[in-house]
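Peer 1: Chain by chain, the residues run as shown.
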Amino acid sequence: MNLAIFLIITAALALVSILSVAIRRSLRVKDSAILIAAIRPIDLEAFRNLINPVEDDYLRRRLPRSQFRLVRRERLRAMAAYVRVAGSNATVLVRVGEAALASGNSQLHGAAHQLVNDALLLRRNTTVALARIYLALAWPDSEFAAVRVVDRYERLSGTAMLLGRLQNPRAAVRLSALV
Amino acid sequence: MLQPHSLLWHYLWVAPSVLLAVLALLMWRRGLHREFPAFFGYAIFEAARGLIIYAIDLSPSASATTYWRSYLSFLVVEVLIKFVVIGEVFTHLLRNYPPLGRLAKGLISGVGVILVFAATIIATYANPGSFWLISATRILGRSVSVVQCGLILFLLAFALYFHLSWDRAVFGITLGFGIVASVYLAHWALMADLLLGRRSYLLDFFNMATYHACVLIWFYYLLVPHKSATTSAVSVPENSLAIWNRELERLLQQ
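Read top to bottom, the protein sequences are chains A and B.
Numbering of the first sequence is given in the working numbering, commencing with residue 80 and proceeding in unit increments.
Numbering of the second sequence is given in the working numbering, commencing with residue -6 and proceeding in unit increments.
Worth flagging that the hints you see were computed from the coordinates, not collected in a lab.
Check before you lean on any hint, since a few could be wrong.
As the list claims (entries may be wrong) - Each pair of labels, with its calculated beta carbon distance range:
id, chain 1, residue 1, chain 2, residue 2, range
1, A, Ala157, B, Tyr154, 20 to 26 Å
2, B, Arg95, A, Leu142, 36 to 42 Å
3, A, Ser99, B, Thr59, 39 to 45 Å
Yeah, the Cβ is synthetic: ideal placement off N, Cα and C, and Gly gets one too.
Turn these sequences into a full structure, and let the hints steer you where they fit.
Peer 2: Listed below in structure tokens is the structure:
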């Protein structure tokens, strides 16, 4: 009896989720300009400093262990905030790329396809990186580097810039500035 | 009206099978059977299954044992075909996204194992009825619904998380399968625990009506032409972030 009720509630929740996905899909914003406005800028230099293992080593040598853990946790929290924004920007860029692909413009196709793939890789990497950051928060003494996320982000910026130039030569610089 | 063997009951049983046969025919004429072979096979199988089971149900010479034995046999084949269709949807969804291929395959394998494990545990808690064929059918139906519903939800969640773009037909197939799987899950949960007793036919009506609606969903998504979306050109508002562009380009040139 309890199992049946549990399964019925699960089925109802599943049905609501499936229908909400269908509704969200039909209401999805496809205007690139609106999407690009959702991109938040990232201070790459600051992020690079945060994830630099040399800086971590320096802090580890200079600070007492308890203080190092505190500082390390603060740095990891900041790192997580950056990675979350990078992931969110990647999501927007997937949609920008998809919108460009849907426009049917053959000139844009290659750049848009590249943008989607790079953005998906970044999204995947940010997901993995976030999991690792949260693990590192539990064990602040462990080694951690999110270098792959930075590398991917740089590559993605280049692809977004290329797509921006192809779509609108005047706006390209500003698009790349946002990313 | 909501009685077994009423006109509505006959309609809801026969109409989806006939519609699925028409859908299969139209898919074949439009060449969609090459793109979605598993779903095409599913449509043909379901059309045949529905009509055969209906004929057995109406035939005065067919016993209850014959009916349930046929029902269970068809259910086993249907389950296998549905898993192949889910695999087909998965392949279509990831076809344009090679970077996610390995991650998605790993995740769906893991989710599949967890769901099968959960379904096995759920099956052990079933109430055995007096007639083993009916009990076996209900337990199998419930366990399989858990796995199928879970897999469809995983697919939708995965696509939602990565903002993957669904092909219209693939989304329609997934939507129909998802609705059917979740309604069947509730149906089999109630049936397996014998919660409705003699009024279980009311549930049959709901089940059949849902399936009918899903067949219409498949018609709409597979056969009705898609209006091409118009996307505006990129226009970025003025902002004070130009400095980041210089920094980024400096980094990119390293």
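Peer 1: Could you see if the CB distance from serine 99 of chain A to threonine 59 of chain B stays within 39 to 45 Å?
Peer 2: holds, 42 Å
Peer 1: Taking the beta carbons of alanine 157 of chain A and tyrosine 154 of chain B, is their distance inside 20 to 26 Å?
Peer 2: Holds: the Cβ-Cβ distance is about 24 Å, inside 20 to 26 Å.
Peer 1: Using the beta carbons of arginine 95 of chain B and leucine 142 of chain A, state whether their distance is inside 36 to 42 Å or not.
Peer 2: holds, 40 Å
In terms of the numbered hints stated before, the structure departs from none.
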